Amino acid sequence: MVVLLLTILQGGMAYRQQAIHGLAVTGLSDQITWGLYIGNFTFFVGVAAAAVILIIPAYLFHRREMRRVTLLGECLAVAAVVVALLFVTVDLGQPLRIWHALPFLGKLNFPTSILAWDMVVLTFYLLINILLLWYLLYKKFCHHTLQVKHYFPLIIVAIILGLSIHTVTAFMLSGNPSRPFWHTAILAPRFIASAFAAGAALMIITFQILHRFSRFRLSKGLIREVALIMAFSQFISLFLLGSEFYTALYRHTAQHSSAVLLYWGTTGSEGLTTAIYLALSASLIGVVILMVRSWREHVPLLNLASVLIFFAIWMEKGIGLVVPGFTPTPLGEIAHYSPTTIEIQVTVGIWAVGAMIFTILARITIAIEYGHLKAIK
Amino acid sequence: MANSRSTRRGFLKGTVAIATLTTATLASSSQSDEPTAFADSIASFLQDHYQRMSKDEIGELLARSERRAKREHGVDIKCHNTSAITGVTFGYALNLSKCKGTRRCVEACVTENNCSRNSNMENIRVLSLPEGTRDLNQSDHYYGVEQKVPEAGRWYLPVQCHQCDEPACVQACPVEATWKEADGIVVIDYDWCIGCRNCAVACPYWARHFNWSKPNLPAKEINKNTHYLGNRPRMAGVMEKCTFCIQRTRKGHLPACQEACPTGARVFGNLLDPASEIRYILENKNVFRLKEEQGTQPNFWYYTDV
Numbered sequence: 000m001v002v003l004l005l006t007i008l009q010g011g012m013a014y015r016q017q018a019i020h021g022l023a024v025t026g027l028s029d030q031i032t033w034g035l036y037i038g039n040f041t042f043f044v045g046v047a048a049a050a051v052i053l054i055i056p057a058y059l060f061h062r063r064e065m066r067r068v069t070l071l072g073e074c075l076a077v078a079a080v081v082v083a084l085l086f087v088t089v090d091l092g093q094p095l096r097i098w099h100a101l102p103f104l105g106k107l108n109f110p111t112s113i114l115a116w117d118m119v120v121l122t123f124y125l126l127i128n129i130l131l132l133w134y135l136l137y138k139k140f141c142h143h144t145l146q147v148k149h150y151f152p153l154i155i156v157a158i159i160l161g162l163s164i165h166t167v168t169a170f171m172l173s174g175n176p177s178r179p180f181w182h183t184a185i186l187a188p189r190f191i192a193s194a195f196a197a198g199a200a201l202m203i204i205t206f207q208i209l210h211r212f213s214r215f216r217l218s219k220g221l222i223r224e225v226a227l228i229m230a231f232s233q234f235i236s237l238f239l240l241g242s243e244f245y246t247a248l249y250r251h252t253a254q255h256s257s258a259v260l261l262y263w264g265t266t267g268s269e270g271l272t273t274a275i276y277l278a279l280s281a282s283l284i285g286v287v288i289l290m291v292r293s294w295r296e297h298v299p300l301l302n303l304a305s306v307l308i309f310f311a312i313w314m315e316k317g318i319g320l321v322v323p324g325f326t327p328t329p330l331g332e333i334a335h336y337s338p339t340t341i342e343i344q345v346t347v348g349i350w351a352v353g354a355m356i357f358t359i360l361a362r363i364t365i366a367i368e369y370g371h372l373k374a375i376k
Numbered sequence: 000m001a002n003s004r005s006t007r008r009g010f011l012k013g014t015v016a017i018a019t020l021t022t023a024t025l026a027s028s029s030q031s032d033e034p035t036a037f038a039d040s041i042a043s044f045l046q047d048h049y050q051r052m053s054k055d056e057i058g059e060l061l062a063r064s065e066r067r068a069k070r071e072h073g074v075d076i077k078c079h080n081t082s083a084i085t086g087v088t089f090g091y092a093l094n095l096s097k098c099k100g101t102r103r104c105v106e107a108c109v110t111e112n113n114c115s116r117n118s119n120m121e122n123i124r125v126l127s128l129p130e131g132t133r134d135l136n137q138s139d140h141y142y143g144v145e146q147k148v149p150e151a152g153r154w155y156l157p158v159q160c161h162q163c164d165e166p167a168c169v170q171a172c173p174v175e176a177t178w179k180e181a182d183g184i185v186v187i188d189y190d191w192c193i194g195c196r197n198c199a200v201a202c203p204y205w206a207r208h209f210n211w212s213k214p215n216l217p218a219k220e221i222n223k224n225t226h227y228l229g230n231r232p233r234m235a236g237v238m239e240k241c242t243f244c245i246q247r248t249r250k251g252h253l254p255a256c257q258e259a260c261p262t263g264a265r266v267f268g269n270l271l272d273p274a275s276e277i278r279y280i281l282e283n284k285n286v287f288r289l290k291e292e293q294g295t296q297p298n299f300w301y302y303t304d305v
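Each protein sequence line maps, in turn, to chains S and Y.
FYI, numbering that gives the first Met the number 0 numbers position 373 of the first sequence as 372, with every residue one higher than the one before it.
FYI, numbering that gives the first Met the number 0 numbers position 189 of the second sequence as 188, with every residue one higher than the one before it.
Read the hints as simulated data drawn from the structure, not as lab findings.
Hints may be right or wrong, so weigh each one.
Computed from the model, here is a short list of chain Y residues facing chain S with C-beta under 7 Å [unchecked claim]: (1) PRO173; (2) ILE193; (3) ASN197; (4) PHE209; (5) PRO273; (6) SER275.
Computed from a prediction, not measured in an experiment: that's the story for all the values here.
We put the beta carbon where it would ideally sit given N, CA and C, even for glycine.
Bound-form chain S, shown alone (with noise of 0.2 Å):
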């Protein structure tokens, strides 16, 4: 905890060298105007939608092991979108203005711009959660039998949210007919895919460190289910992954060319191609284990398999997805983009937070859930 305070301190520290100076602290600039703070938003708005493949099974297909743990789904996905919030307040130019995009007071242009859409839903995916969250809680808190039947339309509308969150996200990039690299129609499926992905590995590491260090009881059972999502959803997003390759480089137009230089590289991003290339590497490796059953349900690869998805994804959809689309730009520019320290500074503090905020709601409701915090009868 004090750790983490320390992480979100200096963050802030940072944040307030840009906050007086502005993003020229960056490494931003006209050509690549988005790095890797909305990478990281990108990123987060994906895990926070993965709570949906605790969901989904637990309350569609009546899994009763899924059950048990959708509370932690909602508490990570609280945190999630958080997270996300706070990388887009941070990539503002006059943060103090975000009253514009209120309703009335401001002038929201809802429906017309999909990132007034993206503020929309966000808003109402994290306000759900909260509800939901508050709710379970607290009838279990005051030990009142819960009938699924009293919530349900909630939860049928927490995943049809989360499910938008993360598509809405990258509408908002495919809809850009001049940066040819997103505009494309498997954006949205593929960022689903990939964030059941990511998100399945970092509830597969969470669990066992709840396990380990609280209350919380994880089941074989329920670590298997989650794996086996992740496997397909893995596969499924390198499927549509390598559907966009093919497209990209079988015949090098000038309509590809962000493709081409991410893939082939080029002087001065040589950083980047290296790390698309390490982002593939752990993404086949990963999925390789978990399709072998025996090696799925092996614990230490399976968290292996875990860890190199998690990141593979993160470089992949954070930095290999938002940057490359800005290079050429749309007049034929190659440009080159490197965050500075302030900015990982200021990631890394956003991070904390989310960690924080997890931590904080995961030990609520471990306390609660079993028992250990109630009213007096």
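Add chain Y to chain S, keeping to what the hints say.
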């Protein structure tokens, strides 16, 4: 709707009143009628959307913008908000046979529009392309002007905001800080922009630029004739773009880039006037529009003499 609107206005007005009162009390010792910098910044922070403002509010807004320029840059600017003239839709045509890549238009634009110096803030880009191709990926944006232009084997393509009829940037803005005016000019309210840069991502012409830090403007170089939606000095963290020199063209003058062009490659005018030169060109020359397939319906045409 009318009700919620009046509530919103009431709320905003109330907050502004409180803020002004507080700051007025704080500033009473300075014994000046002029609002303090703090009072102005609070008023700017709470100001309504430009298109919803009353005449009085806009009057205050312009005065505030002038005071801001005085404080930040030490210059007495005149900030007006001349509206669009009825019966006028601006259009631009550029003769590629005549353009020799001198980049005079760029220099004139930077000075006229109070663009930040030494930071590559240029709202016109002149691309140097090898002869025989229009593949922008082969363009050079940074050819030195000191070298003799035109270079053999190259042609030049100036690009600026195309003031599209279906602007992707306006569609992208989450807070309606940018819109298309009645005379076709796409403007930005720098006091409303949140600096998310989604418009810059959407624009196919790379015509939108961000103030990454506070603009660097030497006081003696500032153009004092400014328009609220045009060339008034900007702040850090907001977008800017070409406005067809709104501060000049709405008063019947030509844009700075047109005046500065030494070869007469640029033709600016009213598309609704059948007798205008631009109409003659559109009707008699073989014109084309850049990236027409993007579907943004630009009001900027290119043509050649042959």
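Could you work out which earlier hints the structure fails to respect and list their numbers in ascending sequence?
5, 6
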